[in-house]
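Undergrad: One-letter residues, chain by chain:
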Amino acid sequence: MFFLHNLERRVTLHPSYFGRNMHELVTTKLVKDVEGTCVGDYYIIAIMDTFDVSEGRILPGSGLAEFTVGYRAVVWRPFKGEVVDGITYSVNQHGFFAQVGPLRLFVSAHLMPDEMQWDANATPPQFTNNADMVIEPGTHIRAKVIGLRTEVGQMWAIGSINGDFLGCLQA
Amino acid sequence: MSDQAHAPTSRPKPPPAGEEEASATLKLGEFQDVDTLTLSEASLVINALMVKRRKDRKDRNETDVLNKTLDYLDAFARFKQKENVEAVERLLSAHKELTKFERAQIGSLCCDSADECKTLIPSLAEKISDEDLQELLDEMAKLMTS
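Chains C and F, in that order, are what the protein sequence lines are. Heads up, the final residue of the first sequence is numbered 382 in the numbering used here, and it's a clean run with no missing numbers. Heads up, the final residue of the second sequence is numbered 136 in the numbering used here, and it's a clean run with no missing numbers.
Simulated from the structure, these hints should not be mistaken for lab results. This structure is a prediction, so every number in the text was calculated from the model and none was measured. Glycine included, C-beta positions come from ideal geometry on N, C-alpha and C. Incorrect hints may have been included.
[To be verified] Derived list of chain C stretches under chain F, where covered just means 3 residues or more per stretch with a C-beta under 8 Å from a C-beta of chain F: (1) 240 to 248; (2) 286 to 297; (3) 310 to 317.
Work the whole structure out from these sequences, hints included.
TA: Pasting the structure below:
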């Protein structure tokens, strides 16, 4: 789920940058440091603007100036139980991986409807129920997020397509 | 004696992690009241931001995360035209009984029937009648360009 979130961060600036465009330099540094990272349990996709740059405070002992910057960013956070769309990119006999925005979602073979069987002989190897649903690299799927694991800088998730209205999307 | 008068003497206990979920009840933690974006709105916002950065000749900072997100949005954003996205936003905001999260999910998943919508977004179950929901989905379907 995409959110427009107000966040705050402390940015330091080296004295060689003190001068005219300090606010702009602070914003640039913020963008370089924070955009595209996975913070805690959400991804910061893009920073829109800064709405509050505090006065700079010189850090005792190092001479760097510290600014507390308030900014607005587009963040993406998955929730347990949320239904998301994704594109399959890798399939093996234990399940498949789907790309959901910046997150890699794994759907295990156990969390698929019983009719979906692994077919190793097809080209490319795929899951199919021999009727209308085929899951191979490039298939659009709708899955429910079952679990999330976060570590500093990365997130992993598992999902399920075993439910009403989940599974392949008729694009 | 109020205990707000002095600076905190210990780090406050962080909110328990791992309880957030979006099933029959919405427990969104720190995101409970944050503005949400449907996939189509997010696509508009991020693309407009990229255009603005290109115009100002600033570095667009194309991180891996950003590129993956843009590809994902290109594939799944159902409403491509700006006017349609705004019209959908107006339709959805009219339903004040739904939370921001639920409105954004409805706008992103674009279900065909009220039953499908209520199955995929379980927290909707008691909040809106099937007829009202079906009417909303039909209005949205009219705005969807292929």
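Undergrad: Cut-off 8 Å, C-beta pairs, minimum 3 residues; does the coverage of the region 286 to 297 of chain C by chain F stand?
TA: Check passed, 9 qualifying residues.
Undergrad: Do three or more residues from the region 310 to 317 of chain C put their C-beta atoms closer than 8 Å to C-beta atoms of chain F?
TA: holds (count 4)
Undergrad: Please count how many residues of the region 240 to 248 of chain C have a CB within 8 Å of a CB from chain F and say whether that reaches 3.
TA: holds (count 5)
Going down the numbered hints, you'll see the structure goes against none, and every one checks out.
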